[in-house]
Structures are given as C-alpha cells and as structure tokens.
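Undergrad: Listed below are the residues making up each chain.
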Amino acid sequence: MNAISKLAAHDAPLLTVRGLAKYFGNRAACRNVSFDLWPGEVLAIVGESGAGKTTLLRSLCGDKAPDEGKVLFTRRDGSICDVYGIPEPERRILTRTDWGIIHQNPRDGLRYGVSAGANVGERLMAVGARNYAEIRKSAASWLDRLEIDVARMDELPFTFSGGMQQRLQIARNLVTQPRLVFMDEPTGGLDVSVQAKLLDLLRSLVSELGLAAILVTHDLAVARLLADRLMVMRGGEAVELGLTDQVLDDPQHPYTQLLVSSVLQI
Amino acid sequence: MIDGYNFAYLDEQTKRMIRRAILKAVAIPGYQVPFGSREMPLPYGWGTGGIQVTASIIGSDDVLKVIDQGADDTTNAVSIRRFFARTANVATTTRTAEATIIQTRHRIPETQLNAGQIIVFQVPIPEPLRWLEPRESETRQMHAYADYAVMHVKLYEDIARYGHIATSYDYPVIVNGRYLMRPSPIPKFDNPKMDMNPALMLFGAGREKRIYAVPPYTSVKSLDFEDHPFAIEKWDTSCALCGATDSFLDEVIIDDHGGKMFVCSDSDHCATRCDQDEHNTQETAP
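So the sequences go chain by chain: A and B.
Each residue of the first sequence is one higher than the one before, counting from 174 in this note's numbering.
Each residue of the second sequence is one higher than the one before, counting from 4 in this note's numbering.
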C-alpha cells in the first residue's frame with residue numbers, strides 16, 4: 174500500500190515549469206524555459222556567465238516573479254499550487270518548509286549577527302517551534318551531519334571558514350527537511366579540496382534524503398557529479414536538455430559541443 | 004495659560020490629524036500608524052511623540068501626571084508637566100489614582116490603572132524588528148504576514164549566550180494575538196501589567212513618526228520559549244524607604260565606598276506607602 178502511494182506520488186512531477194520568461198526592460202534574461210522536475214531528481218543548469226542561469230533560478234524559487242509562464246509545485250499532500258498564484262504569506266511558508274535556497278555567497282543566506290545554532294534554528298522557529306531544548310538539539314544534529322563541530326554551535330558565522338559557512342547555510346536549509354533545494358553555484362569561491370568534500374557531502378545528502386534539486390553551475394564537473402539531468406542555457410534560452418551523461422558524452426547543440434570541449438583536462 | 008499659543012500648544016488641525024492616527028491605532032491594536040510628527044519645543048528623544056499624543060487628547064478638565072523612570076520629580080517629568088500646566092492650564096498631580104492622563108517614560112505605575120485612564124508612552128524606536136531587519140520595506144511585510152520568527156531567533160541567541168533570556172527592557176510582546184510590538188523601554192517587570200489592562204495605552208514616537216496603541220482589556224503576551232518561560236525581575240531585598248517587596252526597585256549608590264540602597268522606582272507608590280505607615284503609627288501611638 175505504502176509502495177503504491179509512493180509510486181503514485183512519483184507519477185506527478187514535483188515542479189512543472191512552462192514557458193517561463195523574465196525580462197529586464199526589453200531584454201530577455203531568460204525566455205521560453207519549460208521542463209519538469211521529478212521527485213528525487215537533480216537537475217543542473219549550466220551555461221556561460223550571462224546566460225540567464227541565476228535569473229532562471231530566482232524566478233523558480235519565488236524570489237523574482239517571472240514576466241511570463243507558470244511554475245507549478247506539487248505539495249506534500251499531492252495538491253498542485255501555482256507558485257506565483259498563491260498569496261505571498263503562503264509562498265513564504267512554502268519556501269521555508271518544502272524548499273531550500275542555497276546562495277552562492279553564504280552572506281546572502283546566513284544571519285551574521287547570530288550564532289550558528291540560531292541560524293539553523295531560525296527555520297524551525299519560523300514554522301512554530303517554541304521549545305529551546307528541542308530547537309537546539311535538532312540544530313546540533315544538523316550541524317553534526319554537515320560535519321561542523323557542535324562545540325562551535327554558539328559561535329558567530331563569520332568566525333567560520335568559507336567552506337564551513339557554506340555547510341552551515343546548507344544545514345540551515347535542510348533542517349525543515351525540504352523536498353526541493355535550489356542551489357546557486359554552491360561550490361563557487363571554494364578551493365578545490367573543500368569543493369570536492371562539499372560535493373561529496375551534497376551527493377550523499379541528496380541520495381539519503383531523496384532531495385530534488387536544481388543546481389546552477391558553470392562547472393561541468395560539478396554537474397556531472399551531482400546531476401541526473403542537465404540543461405544547457407545560452408542567451409537566456411535552454412538550448413539542450415537531457416541526461417547528464419548523454420549531454421556531456423554526445424552533445425548535440427553547437428554551443429554544448431563548444432562548452433564540453435572547452436573543459437580543461439589535467 | 005500663556006498668550007499667543009493654541010490650547011495645549013498644537014494647532015487644532017494637527018491635533019485632528021493625530022487623533023485620526025490614534026483612532027486607527029486603537030482600531031488595530033499594536034499596529035504602527037504613521038503620522039505627521041511636528042517639531043516640538045524639546046529635543047527628539049525627550050518625549051516629542053508622547054507630548055504630541057498628550058496634547059491632542061488633553062482637555063481642560065483633565066488631570067495630568069507625568070513620570071520619567073517612575074519618578075514625578077525628574078527633569079523630563081517636571082518640564083513636560085509644567086509645559087501642559089502653562090499651555091493648557093490643566094490640573095496636574097503626582098497621584099496615579101487621581102490622574103486622567105499619565106504620560107510616562109520607562110515605567111508603568113505600580114498602582115493598578117482604572118478604566119477611563121489613559122497612559123501615554125514616549126517611544127524612542129517603535130519598530131521591534133529594527134535591529135534584526137534593517138529594511139523598512141521588509142519589516143512592513145513581516146508585520147503584514149505576521150512573520151515574526153526572527154524575534155524568537157533573538158531570544159534564542161540570548162539563551163545560547165547567557166543561559167537565560169537576557170532582554171530586560173523593551174521586551175517584545177504580541178498584542179491581541181496578532182501584531183508584534185515594542186512596549187517602549189519599560190522594564191519587563193511592567194509587561195504583565197499591560198495584559199488586559201482596563202486603561203487605554205497610547206504610544207507615540209516623534210522622531211520615527213509612528214503612533215500605536217493597546218486598547219483597554221486587550222491581551223498582551225510576552226514572547227518566550229516553552230522551556231524558558233517569560234519571567235519578571237526579582238530582588239532579594241525590599242524598598243529601603245517603604246519596605247515594598249512587590250515593586251520595581253532602583254539601585255541607588257549612596258557613597259564612594261560601594262554603599263547602596265534599593266528604593267521603589269515609582270515615587271508616588273513609595274510616598275503613598277510611607278504616608279500610610281506614618282498615619283498608622285500615629286493612630287496606634289498613645
């Protein structure tokens with residue numbers, strides 16, 4: 174019975190995007206983007222800088238309303254909501270329960286004035302947790318899962334290294350057990366070894382928690398490691414969409430061919 | 004009454020504008036209503052908001068009491084009381100029970116307020132979320148959506164750092180189960196007095212141009228955690244003058260050798276109790 178209902182849940186895409194467009198003045202930052210994201214799936218959006226990756230992500234995650242198109246999300250109870258059709262308070266609740274947003278720069282996603290524990294606990298308090306000991310316990314367990322020393326729980330985020338801040342940001346997002354995480358260059362600005370560790374951690378978390386994720390990156394290696402599917406963007410449009418290995422091994426669009434061939438080999 | 008000024012200093016149009024803001028504030032308990040704050044003959048931070056609210060509600064038959072830090076005889080209290088005595092020719096008092104309007108800074112009197120009385124608070128910073136969220140556009144949305152989690156983050160931070168909620172004044176409250184409100188810098192000792200109080204409470208912030216209110220018999224709940232419930236200050240000692248154990252005590256340094264005494268911060272409360280004591284001893288004396 175349980176397996177059947179699980180299957181049924183998998184029958185519907187988690188996120189449905191149709192004809193999305195976002196203009197700045199009369200310039201289209203992204204246009205005519207359509208795709209489905211299935212539960213537990215990781216989709217990477219790659220492309221050169223200025224291709225509209227981040228704008229697309231911000232239009233998807235409720236941050237900037239798109240000018241055209243629809244974003245539909247399937248909630249836990251199976252009902253489908255139009256992300257920009259529901260009232261803002263409802264959208265705010267959605268973004269802090271079912272969704273997680275991990276910014277490229279931890280400064281955009283963390284509160285620097287309060288301790289690491291408070292940063293992780295904020296989402297719990299936002300959904301009504303009012304027991305200090307329990308908030309603290311679950312914050313500690315998430316810090317531990319993201320390999321942050323629990324003894325440093327009461328320290329301010331700016332005393333953490335860049336990689337730790339990024340992991341703290343992830344812990345802060347995962348504490349309410351979201352089903353969909355938006356990541357904007359989560360490994361940008363980190364050195365290679367820290368990047369590798371973070372990617373490893375992200376990969377195990379995604380498979381462990383069955384998270385669906387949309388990942389914006391310019392690094393094809395990151396996409397290959399994490400993503401099931403790959404969307405290549407150029408000039409605001411999605412030029413190619415397919416399974417990651419397929420797109421990388423047999424790119425069809427000239428721009429994708431260029432992108433794949435320009436990866437540096439060591 | 005001095006010549007050349009309108010009754011209670013402000014012109015009638017200004018008073019009407021402020022009264023409209025007050026009516027709106029009373030209708031939406033805890034909501035900050037913007038108003039056109041005027042220049043007053045005293046500096047910002049000394050009670051320009053409170054004095055404008057008082058000026059717009061005072062009538063010639065009102066009896067005014069003004070306190071600062073609970074005392075009737077401090078500079079700010081004396082100046083504002085004299086200001087209204089001169090510009091509105093109203094009766095003034097130091098007795099809480101006799102006053103119809105009480106303008107206050109930093110305290111709510113110990114004596115229980117009655118229906119019909121109005122207490123006017125001077126507010127330096129009306130926005131409870133200000134130090135947590137610097138953008139006004141964002142704090143307005145947070146109020147609109149009752150999105151107040153960040154206030155609990157502050158209390159969490161207090162417990163994480165100090166082991167208890169260390170916020171001791173201007174302690175955030177939820178008014179009527181809806182709006183988050185800064186009760187002006189009163190000690191948290193006074194927070195429970197606001198809950199279901201029969202008097203009307205008006206808050207005026209002159210520099211920030213905001214008026215808000217708690218109507219009579221409105222619920223006012225201090226924020227807390229289940230396992231760290233809201234608690235008021237307690238002292239090991241009683242008032243050195245009147246012996247009160249249930250009032251807010253000020254620590255007063257009395258010499259250069261660390262000598263100190265604790266006395267009631269509410270000067271009227273203390274004096275009344277001292278008078279009664281004297282009265283009782285005289286009656287029992289042979």
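If you are wondering where the hints come from, they were derived from the structure by calculation, not from laboratory data.
Positions of the beta carbon are idealized from the N, C-alpha and C atoms, including for glycine.
One thing to keep in mind: the hints can contain errors.
Here are the simulated SDA-like cross-link-like pairs (lysine to any residue), alpha carbons at most 25 Å apart as the crow flies [claimed, not checked]:
(1) A/K370 / A/F333
(2) A/K237 / B/Q144
(3) A/K310 / B/D230
(4) A/K237 / B/D230
Some chain A residues judged to face chain B by a derived CB distance under 8 Å, without partners named [stated by the list, open to error]:
(5) G198
(6) N199
(7) A306
(8) Q419
Undergrad: Decide, hint by hint, whether the structure agrees.
TA: Quick rundown of the hints versus the structure:
no. : hint            : verdict
1   : A/K370 / A/F333 : 16 Å, holds
2   : A/K237 / B/Q144 : 16 Å, holds
3   : A/K310 / B/D230 : 13 Å, holds
4   : A/K237 / B/D230 : 39 Å, violated
5   : G198            : 22 Å, violated
6   : N199            : 26 Å, violated
7   : A306            : 5 Å, holds
8   : Q419            : 43 Å, violated
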